[in-house]
Amino acid sequence: MARRSERDSASGVESHFRFVDPKVLARIANLNLLARSVVEGFISGLHRSTYLGRSVDFAEHRAYMPGDDIRRIDWRLFARTDRFYVKEFEADTNTSFTLVLDVSRSMSFGSEGLTKLDYARFLAASLAVFSQKQRDRIGIVTFDEDIVEFVPPSAKHLEIVLHTIDRASAQKPSDYRRPLLKVAEAIHRRGIVVLISDLYDEPEAILDAVKGLRYKGNDLIVFHVLDPAELRFPYAEAASYQDLETGEAVPVIPEYLREEYRNLVQEHVRKLTRTLGDNQIDYSLLDTSTPLDYALFHYLATRERMTRTR
Amino acid sequence: MSLLAPLFLLGALALAVPVIIHLTHREKKDVVAFPSLMFLRKIPYRSVRRQKLRHLFLFALRCAALVLIALAFARPFFESSRASAASTLGPREVVFLVDHSYSMGYEDRLSRAKAEVEGRIQSLGGEDLASVVVFSDRAEALNQPTSEKEVLRAAVSGVELSARATGFGPGLKLAKRILDDSKLSRKEVVLVTDFQRLGFEDEDDDVWLPAGTVLTPVDLSSKVTENLAVTGLTLERDEVSGRERLTASARVTRKAPPESGPLGSRISLEIDGRSLQTKPFELAPNSSVTLSFDPVTVPAGEARGAVRISDDALPKDNAYYFVLSSGQALSVLSLEEGARRARRSFYVERALEIGDRPSFRTESKALSQLRAADLDGRDVVILNDVPALPAAPAALLSEFVEKGGGLVVVLGEGSSRSSFTEASELLPAALGGIVDRARDWGGTLSYLDYGSPVFEVFNAPHSGDFSGAKFFRYRAFASPPNEGVLARYDDGVPALVERRVGEGRVLVWTSTLDTFWNDLARQPVFLPFVHQLVKHGASYAEAASWHRVGEVLDADRYLQMALEGEAAEDDAAKRSFDIVVTAPSSRKIVLPRTEEKALLPLEEQGFYEVRRARTGGGASSASAAVNLDTAESDLSPLDPEELVAAVTFRETATAAAAGAEADESREAQEGRQAYWWYLLLGALLLFASETLLSNRLSIAAGGKAILKTTTPVE
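Line by line, the protein sequences give chains E and Y.
Counting with the working numbering, you get residues 1 to 310 for the letters of the first sequence.
Counting with the working numbering, you get residues 311 to 1024 for the letters of the second sequence.
Take these hints with a grain of salt, some might be off.
Partial pick of chain Y residues on the chain E-facing surface, computed with a CB cut under 8 Å [what the hints assert, rightly or not]:
# : residue
1 : L347
2 : V835
3 : Y985
Keeping only pairs whose Cα atoms sit at most 27 Å apart, straight-line, the calculated BS3-like set for lysine-lysine is [stated by the list, open to error]:
# : chain 1 : residue 1 : chain 2 : residue 2
4 : Y       : K626      : E       : K271
5 : Y       : K493      : Y       : K533
6 : E       : K211      : E       : K182
7 : Y       : K565      : Y       : K626
8 : E       : K172      : Y       : K352
9 : E       : K271      : E       : K211
Covered by chain Y, according to a simulated footprint, are these stretches of chain E (three or more residues, beta-carbon under 8 Å) [said to hold, decoys possible]:
#  : region
10 : 232-239
11 : 269-276
In case anyone wonders, no lab produced these hints; they're calculated from the structure.
Quick caveat, the model's predicted, so the values are computed rather than measured.
Cβ coordinates follow ideal geometry from the N, Cα and C atoms, glycine included.
Build out the structure end to end from the sequences listed, making use of the hints.
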C-alpha cells in the first residue's frame, strides 16, 4: 500500500491537471473550507479510505462508501437495517503533529499575487485538516525572529490552529536558531514537526536551528516555500532591489547577474537537500505555483515512510 | 583674457542638465521589493569607489568638451591697450575723408571739420601715412600718402566749400583705392562729414573697404537744423504790345523741426544786379511755397537775373540764377504759285503765328517774284506746292541752302514729276506719280523717326497722335530714297524726307500742308508739327536759362545758341578761335582752339562769362547761369552706424563714434587672435577621446556590471 501510495504521489506531481491551482484556492476566504476542499479532493483521489486506524476502540458507524474495505462492514447491523454500515474505530496513531510556520517579513513576498505566506498558510491549514482526519494531535508555532504564537498539539485544537494560521501576518525579520530551539524545548512529546519557511539563511545555520527538534526524536519535514521569481529572477529593468526584512536597497542590473543568481539559488537548494537529508530531515522545495496536493502527497508519503521505518 | 560675447558662457549651464536628469532619475527609479538580498550580495561586484572614479573621468571629459564649446562661442581674446597695440602692430595708413559739399557751409561745419582733422593729424604716429581726400559727389585726393604733418595740415587748411552735393560713394571708393595700394597692414578711414541722408545712395552699398579697415565716423551734423532754400524757378515770357515780358515764379522750401513756428522772410527778383521786386512771405516748417513776381519787361540783349531770399545758416542755397537772352524770331518765307495761293498757306501761316519760343515772322510771296534780297536774313523758305521751279529761283534757293538756310518743299496738286528738274540736286530723289488712297479711305502715317528733332517731342506717351490723320493723296518718289526718311505712310512711301545740302537742309513733305490732300491740318498735332518742321529746317536751338553745378558746358555750342539762335552740327568745321571763360569766382579759363571741343565743367555757383577771343565787330560773349543741386538743401542726417555697417565687412572693426573706438577694437583684436577656432578643435579632440575611452570601458566591462550606491554590507 505504501508503494502504491508513492506511485500515486509520483504521478500526482507529474500531472498538474488533477490539482487545483493555489491562486484559485486563494479565492476561498474561509481557511477551513479551503483546507477541507484540498484534503477531501486529495483523499477522494486516493480511491481508498484514509482511515488507517487499527485500534479496537469503536468510535461510530457510518454508511459504507465505495472504496471502504468490505471486511469492515457490520453485518449485524446490515441484518437489522438492510443497509451497509462500516464500523469506525478511533485511530491509534495518537501522533503529535506540530506545524512550525515562518511568518517573517520575507514571507510576504509574492510576484504573482499569491504571497509565500498565503501559500504557506494554505499548506499549513491543509496539513492540519489532513492530520485531523488522521486523528493526529495538532499544534502550531508561528515565528519570525522569535516565537509569535504557540498552540500546543491537541486533538481538539484544529479550530485554534486554523485561527492562528488565519491571523498570521508577516511583520518582522526572521531568525531560525532562537525560536526553533524554543520550540524544541516546548515540545515534550515526540511527533511530526513540519517546518514551512523560505529558509533564507545558510544551510548550516538552518541545520543548527532545526537539529534540536530532530534530536529530540521528532520526525522533521521541511517545506521550503519560494516564489517563482525567487527561483528564476525574471526581472528585466535595472532597479533598486530592497530587502524586505532589512530595508537595505541594492541597485541591480538583472541581465548581468541573473544566471549567477540562479546558480546560487540552486546551490543553496542542493546544499539544503544534502545537509538536511544527512540528518534524516525530509526536505521539499515548493514554489508557490505548485498545487497544494503535491505537498500533501509528499507529506503522506513521508509519513508512510516514517511509520514504516519507525 | 576678455570675452567678446560673454553671454554665450550661459551655454555652459547646459552641463547641469544631464546631471540633474541623472539625479532626478535616480530618485524616481522604481524600488523592487525582494525577500532577501542574500544571494545578490554574494555576486561579486566592483567597488563603488572604483566605478564612480571611472565614470567621473568620462563625465569630466564630456563636461570639458562642452565647456570648450561654450567658451569658443564666447569669443575669448587677450585684450591689449590701444597704445601697446599701436606699438606692437605697426604703422597705420590713414585716409581723412573730408566732406566739402555746400551743406558743410551750414554754420561752422567746415571749420569744425578742419579742426577735427588737424587734431587727428597731430595724434598720428611717426611712421603713420596719411592722406587728405575731399569729397562731395566726386572725390579728390589733396596729397599723396605722407607722414609729414605739415603737408597734411596745409592740405586741410586749403579745403574750401564746393558747390556740389554730398555723395559718399566717390569718397569711399577713392579711400578704398588708396588703402588697397597701401602696404601697411593697419588701415583706417576717418570720415568727417555732416552725414546727409541724401548723400547715401543704394549703390554706395557696393563700396567695401578692405577687410580690417577701421572706419571712424566724425559726425558734424546738428541736432536741429533750420534751412530756407530757393529750390526752383519758372520763367514765362510773353509779348504784350510788341514788348516781351517775363513772369518769374520761384519755389521756396523750408526744412525745420516740426515744432518750430512759421518763419517770415523776403524774396527779391534781380535783373542785371538791380532789385526789381521784393516780396515778404511766411512759411511753415517742412513746407514749400511758389512765389510769383509781377511781370517785368525783358531788356534788350542778354540779361543776368537772380531770385534771392534773406540769408540764413546756409546762405549758398538762398539764390537762384538765370540768364535772359533776347527773344529769337525765325523768319519764314512762303513761296507759292498759281490760283489757290492764299488757300494753300492758310494753315501754315496760322500755325506759325501762334509760336512764341521762338516766334515766327512769316511772309508770303509768289515764286516768280523771288529776289536774292528776299532771302537775306531768312531762316526757312517754304516751297508750297509750286508747279515748277525755274532755273533762276532754283539757283537762289540752292545758294541759300548751301549757306545754312532751310528749305521745306511741300508737294501737292500743283506739283508734278518735272517740277524740280532745274533743282534736282536739292531733292533727295526724283519725284514720281501721285498715290491715290481715296478708295481705301485714306492712308495713315505708320513710321515716324522719333530720333529726329521733328518728331522728338512726340515721342513721350500722350504727346501727340499722328494716327488720326488721313492722307488721301501723296506724291511718291521715282526711286525711293534710302536715307533721310523721317516719316512713311502705311504703304511704305516716304512722307517726310530730309537732305543735307551744304550747311543747310531740305525737307520734302510729300503731301499738302492744307486740307486738300489730307486732314492733318485739322489734327491737334498739326501746330507742333509745323513748328518743329520749321525749327528743324532753321537748325534752331535755344540756350538754356541756367545750368546746374556738375554739368559740362560745350562753350562753343552755347555761344552759337546764345548769339545766333542756332547750333552747329557735330561735324561742323573746326573753330578758329580760343574761348575764354570767366568763372563766378573771377577765375579765367582758356579753352584753346586746338581742342576739338570747348568743354567746360561747371563747378561754381553764379554766372560764367563765355567769350570768343577774336577781334571783330558784334557781340562775342554770353553768360551762363549755374545753380546748385537743390537736393542738398535737405540737411536731414543719416545714422553714421548705418553707413558704417553698409561699407565695412563684418570682421572689419568699426567705430560708431569716437568714444566707442575701444569696443570696436576689441572685436578687431578678437578677430585677429581667433582663439575660438582652437577651442572648437580642442572640443572635437575631447569628444574623440571620450568615444574611444567609453568604447574601451564597455568592452572591459564584459557585459557584467552592478552599480552600487550604498555602502556594501560585506
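How the hints compare with the structure:
Given hint, Y/L347 at the interface with chain E, holds; its Cβ is 5 Å from that chain's nearest Cβ, closer than 8 Å. Because the smallest distance between the Cβ of Y/V835 and any Cβ of chain E comes to about 98 Å, over 8 Å, the interface hint for this residue is violated. At a threshold of 8 Å, the smallest CB-CB gap from Y/Y985 to chain E is about 43 Å, leaving the interface hint violated. With a C-alpha separation of about 118 Å, the suggested pair Y/K626 and E/K271 falls outside the 27 Å cut-off, and the hint is violated.
For the hint linking Y/K493 to Y/K533, the alpha-carbon distance of about 39 Å lies beyond 27 Å, and the restraint is violated. Only pairs whose Cα atoms come within 27 Å are accepted, and E/K211 paired with E/K182 is accepted, the gap being roughly 12 Å. For the hint pairing Y/K565 with Y/K626, the CA-to-CA distance comes to about 15 Å; that is within 27 Å, so the pair holds. A threshold of 27 Å between alpha carbons decides the hint, and for E/K172 with Y/K352 the separation of about 23 Å falls inside it, so the pair holds.
Among the hinted pairs, E/K271 with E/K211 is consistent with the structure: their alpha-carbon atoms are about 16 Å apart, no more than 27 Å. Closer than 8 Å: that is the beta-carbon criterion, and the region 232-239 of chain E has 3 residues meeting it against chain Y, so the requirement of 3 holds. With a cut-off of 8 Å between beta carbons, the region 269-276 of chain E has 0 residues touching chain Y; three or more are needed, and the interface restraint is violated.
In this structure, the hints that do not hold are numbers 2, 3, 4, 5 and 11, in rising order.
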